[in-house]
Amino acid sequence: MRIFVCIKQVPDSAQIRVHPVTNTIMRQGVPTIINPYDLFGLEEALRLRDSFGGTVTVLTMGPPMASESLRKALGYGADRGLLLTDRFFAGSDTLATSYALSRLIEKAAEEQGMPQIVFCGKQTIDGDTAQVGPGIAQRLGLSQLTYVSAIDEIDPDKGTITVRRRADHGVQVLTSRLPAMITMLEGSNQIRRGTQSDVLRAAQAKVTQWNAAAVGITDLSLCGLRGSPTVVKRVFAPAARSEKAEMIPAGGGGSATATALIDAIFKRQPALEEDLISAAGGY
Amino acid sequence: MNTSQTPVASASGSRAGMKKELPEHFRSYKHVWVFIEFEHGRIHPVSLELLGEGRKLADQLGVELAGVLLGSGDHGLDEATGSCFAYGADLVYLVDHPVLAQYRNQPYTKVMTELVLKYQPEIMLLGATVLGRDLAGSVATTLKTGLTADCTELAIDDERSLAATRPTFGGSLLCTIHTLNYRPQMATIRPRVMAMPKPEEGRQGRVVSYTPDLDEDDIVTKVLSFLPDDASEASGLAFADIVVAGGMGLRSEENIQLVRKLASVLGGDWGGSRPLVQKGWIGADRQIGQTGKTIRPKLYIAAGISGAIQHRVGVEGADMIVAINTDSNAPIFDFAHLGVVADAVTLLPLLTEAFRQRLLVNRLAG
Ligand SMILES: Cc1cc2nc3c(=O)[nH]c(=O)nc-3n(C[C@H](O)[C@H](O)[C@H](O)COP(=O)(O)OP(=O)(O)OC[C@H]3O[C@@H](n4cnc5c(N)ncnc54)[C@H](O)[C@@H]3O)c2cc1C
Ligand SMILES: Cc1cc2nc3c(=O)[nH]c(=O)nc-3n(C[C@H](O)[C@H](O)[C@H](O)COP(=O)(O)OP(=O)(O)OC[C@H]3O[C@@H](n4cnc5c(N)ncnc54)[C@H](O)[C@@H]3O)c2cc1C
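Chains as they are written, first to last, in our numbering: chain R, 8 to 290; chain F, 35 to 400.
The hints are simulated quantities; they were obtained by calculation from the structure and are not laboratory data.
Any given hint might turn out to be false.
[What the hints assert, rightly or not] Per label pair, the in silico range of CB-to-CB distance:
(1) R:Q216 to F:D252: 34 to 44 Å
(2) R:G166 to F:Q312: 30 to 40 Å
(3) R:R208 to F:G75: 50 to 60 Å
(4) R:V180 to F:S106: 12 to 22 Å
(5) R:Q211 to F:S106: 50 to 60 Å
(6) F:A189 to R:Q211: 49 to 59 Å
Nothing here was measured: the structure is a model prediction, and the numbers come from that model.
Cβ atoms here follow ideal geometry from the backbone N, Cα and C, with glycine treated the same way.
Just chain R, with the same shape it has in the complex (with noise of 0.2 Å):
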């Protein structure tokens, strides 16, 4: 099978901090990671590659230093790196972004043939929109399975799959037809450890890199800033509320701040106190 795989490099949100004076984000010395929900694709794709041979093609768009989560991919066992890279793309909404993907993606099919399946991941950890996978799927017609928990049975030949789709009360069993974008839902499986070989071999790989005119990008309006139709008007931090949080006094041993708080709660709730009187039936 020929396998895409889109991951997006992301600072590690467990490190970020932000400036108590100026509420900007400090990036500087934040490390980077692959999109924590892009691997369990990533895993599906090598999966599915032990069982039927092909290839895995991992992509990204960003800055050059993205190449890094490419490399870092392929030492988990994807056997090629794509690294879509431009100052054009800088700025790009998910309108954008999904736009520059498909291009690369059609670019890297002109080369390999098309992709039986683009893996994509549930949401990013930064972003956190959930809206590329749907775009690339849309630009590119292809079937469009998100949150899917499990891939029950695939056809290669015959282009067709059958997965298990969390909806919002139960599990949709689906079938459809290839190629389709899937996103893997967290928990369905777990990024392998890379061998021995892989990981020499990720070290030493090239990662092959273009730019918007090699991947067929003429017309530069659809990309980055101008290409995105959303506009960040302002950041701002979130207002205290007006009236100051009522601080009770922790004096006095813990039982007095605790009967303390209580009546505070009532005083302001009065309703609430007789509701739960009325409730607390089991004493």
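Position chain F with the ligands relative to chain R; hints supplied.
Just chain F with the ligands, lined up with the frame of chain R:
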């Protein structure tokens, strides 16, 4: 690059200052739409919440509010149409077709796109549910318009444009996003973020029926079966009147029980902040916040939770927020109503006992 939307600097830079004119062909786009999520014979509550919010936006703009309802006739569409009116819609676009009996991306995207092109709304709201997120991205891409994800606040600015506010990652910031020169302006909103409006029984409206050109043979995805969930243990959390939650300040997995005990004495439900889920101390269905559950209880007690923005947006709808934290500068005190600077591990059991006594005494007296 793709992350340059993030820093504050870029927002105040070229993009924010840009005042774009709405192109001529979009000027006829009017009215506010809410996509009505209708599955298994019932409307998802988030759609009713959005009708309440959409009503406010429509009134402010002086336009109509429409519900957009897709489904198949024998599955309760009439009743659902009535609910749309009761919850504030002036009209309902009704699309009744056997292919639409169960949600699938392809036919729903096709119909929604056709409706937008034909009836031209200026704003379209969808719930940020599994279904809503699956659909919104496809529709926005087909229409080539902007889509703001997971909003926590909506407003109309001086230029009649939708100001959609959502949290930014990794800290304590919010950002307001506009779609200036495309229509419709699309946004998804998480369940329970907006208040549930009071229905007005018997309220009437217009029905505009639309007949799509759909053929089951063209639809590549088929639903083989649906395995409904057992009512999840934590399914009541989003709707509980009283919620007690713990954060990293609890310091250990064992101390989760202090939270559970207090919740149980109060007849409420319990949950926690995201790091507790990541540590495996509590299940993912107990997480409260932006990427967990949004709650709107009468009373919310947060023990050892710092109050990061992703947590805050999930609890701000509570009538009363009580915070227990050892750090008097913790951000949670910026939006709590009552606060105590104390060790939660010591205070929680005392609080549980004091509540128990108080309710007991009052019950005997009453
Ligand atoms: C705080 C913040 C808020 C934002 N809000 C919005 C908004 O409301 N609307 C909007 O249109 N844009 C928004 N953006 C911009 C958006 O984050 C970028 O367009 C980003 O490039 C892609 O969106 P995402 O991170 O949400 O990805 P998602 O849509 O969550 O990503 C899903 C999957 O798509 C794939 N993918 C995404 N980006 C790439 C990439 N660069 N390379 C390879 N694969 C990729 C990955 O597999 C990923 O797991 C926001 C950005 C930030 C930082
Ligand atoms: C994309 C994204 C989505 C997220 N979604 C969510 C979400 O849905 N929900 C969520 O909660 N978080 C979410 N987060 C994480 C969020 O940013 C915070 O990291 C998290 O809420 C912090 O949890 P906490 O307050 O329990 O822990 P900490 O930030 O570690 O705070 C612990 C607090 O406990 C106090 N404390 C310490 N000891 C004691 C004691 N003995 N008694 C009382 N207080 C004590 C400390 O003063 C501190 O304020 C998200 C983050 C990202 C990037």
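**Request:** Would you list, in rising numerical order, the hints stated earlier that this structure does not obey?
**Result:** none
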